[in-house]
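The C-terminal position of the sequence shown is numbered 263 in my numbering, with every residue numbered one higher than the one before it.
Rather than coming from a laboratory, the hints here were simulated on the basis of the structure.
Glycine included, C-beta positions come from ideal geometry on N, C-alpha and C.
Check before you lean on any hint, since a few could be wrong.
Pair by pair, the computed Cβ-Cβ distance ranges are [stated by the list, open to error]:
(1) E14 to A124: 17 to 27 Å
(2) S184 to P114: 38 to 48 Å
(3) S184 to M1: 35 to 45 Å
(4) E14 to R191: 17 to 27 Å
(5) E91 to D201: 31 to 41 Å
(6) R191 to R232: 14 to 24 Å
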Amino acid sequence: MRAPAVAGYFYPAEPEVLRAQVTRFLGDAGPASGPVPKAVIAPHAGYVYSGSTAALAYAALAPARDRVARVVLLGPTHRVAVDGLALPEAEELATPLGSLHAAVPTADQRAALPQIVDRADVHAQEHSLEVHLPFLQVLMPRAEVVPFAVGRARPGTVADVLERLWGGPETVIVVSSDLSHYLSYDEARRRDAQTIAAITDLRGPIDHEQACGATPVNGLLEVARRRALTARLLGACNSGDTAGDKRRVVGYAAVAFDEPEPS
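Let the hints inform the model, and build the full structure from the sequences given.
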């Protein structure tokens, strides 16, 4: 069991309060428009700052809630450095709402993906994946999660993992990332608009000044180009729009990636 590390800090520790808050975020996001995306980018700050933006990504996935059986979840490492993509050495991922099953790649997939490592210490205090779990528990509680804390890795290295785990309609990909950090409100809006344009145009690589989750984002951009996905912005804001002052803000965006229509 991977125990929650940031309950009561990034999101409520009381189960009923947490469920009500996530449900409210999803309701405020409104019904999805457009196709159900294969992949999304969503932020990972405290819910008071970025929960409403994260909810836009999950609302886009909501129409597929009954068919999605597996979520490949990737987020950056903030506390413990690692080479490659780390799994948590846990069978369950816990939050105040209970737990989700942590799936792992098959033996054949692992043999072909030496960039995957097992590191419980990398996950123990990491928030970039944990803050997404309550959204998944409310939206698709029966889905299993393949949780990767992404350290030092090239875009193609991350893309190769996504390719191996791509699956079909039963699998979706969630990449966890915020945008710029601690700029003034107006400067953050300018720089984040440039970053969002690069992402939606599938241009990369972006750097860690543009997005703290640049490594998994760049991997997603690489596989999106390989597979001719298209990207669309679902919404963006920064902490100055939600719960922080405007002198030093953090940027957030929700982006959907759609597979091409069958010919």
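Range hint 14 to 24 Å: satisfied by the CB atoms of R191 and R232?
About 20 Å separates the Cβ atoms of R191 and R232, which means 14 to 24 Å holds.
Does the Cβ-Cβ separation between E14 and A124 fall within 17 to 27 Å?
holds (23 Å)
Take a look at whether the Cβ-Cβ distance between E14 and R191 falls inside 17 to 27 Å.
violated (36 Å)
Would you say the C-beta atoms of S184 and P114 sit inside 38 to 48 Å of each other?
holds (43 Å)
Hint says 35 to 45 Å; check whether the CB-CB distance for S184 and M1 agrees.
holds (42 Å)
May I ask you to test the hint 31 to 41 Å on the CB atoms belonging to E91 and D201?
holds (40 Å)
Violated hints amount to a single one, hint 4; each of the other numbered hints is respected by the structure.
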